[in-house]
Amino acid sequence: MIQKLFSYFIPIKIFKKKSSRSKVIEVTWANGELVLDSENTNYSYGSLQRILRYGLRNIGYKKILEMEHILLLGVAGGSVVKTLVNEIEYKGKITGIEIDPEMIEVANKYFSLNEIKKLDIIIDDAFEFTLKTKEKYDLIIIDIFEDTHMPNFLFEKFFSERVCYLLKDEGFILFNTMILDEAHNVRNRKYISEINSKLFKSKTLPRIEDHNELIIIEKVA
Numbered sequence: 001m002i003q004k005l006f007s008y009f010i011p012i013k014i015f016k017k018k019s020s021r022s023k024v025i026e027v028t029w030a031n032g033e034l035v036l037d038s039e040n041t042n043y044s045y046g047s048l049q050r051i052l053r054y055g056l057r058n059i060g061y062k063k064i065l066e067m068e069h070i071l072l073l074g075v076a077g078g079s080v081v082k083t084l085v086n087e088i089e090y091k092g093k094i095t096g097i098e099i100d101p102e103m104i105e106v107a108n109k110y111f112s113l114n115e116i117k118k119l120d121i122i123i124d125d126a127f128e129f130t131l132k133t134k135e136k137y138d139l140i141i142i143d144i145f146e147d148t149h150m151p152n153f154l155f156e157k158f159f160s161e162r163v164c165y166l167l168k169d170e171g172f173i174l175f176n177t178m179i180l181d182e183a184h185n186v187r188n189r190k191y192i193s194e195i196n197s198k199l200f201k202s203k204t205l206p207r208i209e210d211h212n213e214l215i216i217i218e219k220v221a
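The opening position of the sequence shown corresponds to residue 1 in this note's numbering, with each subsequent residue numbered one higher.
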C-alpha cells in the first residue's frame, strides 16, 4: 500500500471525525502502522502500545498466560488487546469497557477489533461499571483519557479501593497515567501512598515516554 510506504517519511491521515466524547478521532498511517489519535495525544497503537506492552512485560507474560479474565477500562482502538492476543497469545477472556461508542466503531472498521474472539466490549462508564460488576479479575488495565485530560475519579480513594477489591488474589492493576506538570507528579505520589500496603504492593515504572507513567499494583495472596 502506497500510503503505508509514504508514512515512513510523513504521517498520512486517512480518517478524521468529531466525537461527542473524545472531541476528535483520527486514524493515521505513521511509520508503517495505523495509529488512533485524539486531537492532542495518541490513543491506540504507536507510542501507547509500546507503553502498555512495557507494563505487561514487567508483570510477566508467563503470569498473564495463566490468567482467566482481564478487565480493560478504556478500550479506544484496542492496541493493548492486540498485544495480549497476538503477541502474548493470551487465550482467556477480555472484557473491555469504553464510554464512546463512536470510538468502537472506528476500532472495528480500521483495527478489526470485532474479529477478536473472547473479547466482550461493553459501552459504559468505567466508574459505573466497576460499581456494578460482580466479577473478580486477574488483571485490570486502566487506560482512560479524554484527549490529554484524565478524569478526577481515577485518582479518588473510593475508586482506587473499588478496583483493588475487584482483583483476585495475586492479581494486578496496570494504570497508565499522564504527567504534564508537577501537580500530576504530586497526584501520582498521593495515589500510591493511599494504597493499602498490607494487602497490595505498588510501584511506578521508569518512564519510556516523557509524559506517561505506569503504576503497577499487585494484590498479595
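Hints in this document: simulated from the structure, not taken from any laboratory.
Don't take each hint at face value.
[Stated by the list, open to error] Here are the simulated distance ranges between beta carbons:
no.: 1; residue 1: 194; residue 2: 4; range: 44 to 52 Å
no.: 2; residue 1: 21; residue 2: 133; range: 15 to 23 Å
no.: 3; residue 1: 206; residue 2: 120; range: 29 to 37 Å
no.: 4; residue 1: 122; residue 2: 15; range: 22 to 30 Å
Quick reminder that beta carbons are idealized off the backbone N, C-alpha and C, glycines included.
Violated constraints from the hint list, given by number and in increasing order:
none
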